[in-house]
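Based on the provided sequences and hints, a complete structural model is requested.
Counting from 9, one number per residue, gives the positions in the sequence shown under our numbering.
These are computed hints drawn from the structure, not numbers from a lab.
Predicted model, so just to flag it, every value in this text is computed and none were measured.
Errors might be hidden in some of the hints.
Stated by the list, open to error - Dumping the calculated DMTMM-like pairs for lysine to aspartate or glutamate here, alpha-carbon to alpha-carbon at most 20 Å:
| no. | residue 1 | residue 2 |
| --- | --- | --- |
| 1 | Lys118 | Asp73 |
| 2 | Lys133 | Asp73 |
| 3 | Lys133 | Glu60 |
| 4 | Lys118 | Glu60 |
| 5 | Lys140 | Glu86 |
| 6 | Lys102 | Asp124 |
| 7 | Lys11 | Glu22 |
| 8 | Lys140 | Asp73 |
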Amino acid sequence: PEKTAKTARVINGERYVFPGDFATVEADGTLTLLGRGSMCINTGGEKVFPEEVEEVIKLHDGVIDSLVVGVPDQRFGERVVGVVSTSESIDEVKLLEHCREHLAGYKLPKNVLFVDEVQRSPNGKANYTWAKATARDMLGIDA
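As structure tokens, this is what we get:
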């Protein structure tokens with residue numbers, strides 16, 4: 009009920025839905041979806057949308073799938089971490105070099121963690137709870 013009340017609101021008798029997605033309007037009028045506000049990673053005062061980083065990681069030929077999450081970091085508040093499944097052996101340094109060609113420095117993953125399979129729901133929805141728990145476990149960060 010609380011989430012529904014925040015998401016679906018009535019304004020001047022009309023019902024509107026506010027899903028929490030962030031987007032920018034480009035000069036030509038098209039929308040570029042950035043991602044969910046609830047998944048946004050705050051690292052050193054900068055906002056990083058996981059979906060943007062995931063798409064860049066998945067551009068690499070050897071990557072099958074990836075999810076990006078924020079984990080606690082003493083210096084930056086949160087740190088960007090990629091959880092990645094690959095079709096071949098990929099060097100973390102090479103993958104980060106690939107990312108550097110497409111992303112600003114603060115958006116680069118501080119860690120890339122390789123897993124056999126990235127977990128998603130049957131409809132393909134990202135399982136960020138699993139990805140965050142996996143990242144914390146592999147990095148030895150207490151919950």
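For this session: Kindly indicate which numbered hints from before are broken by the structure, ordering the numbers from low to high.
Result: No numbers; nothing is violated.
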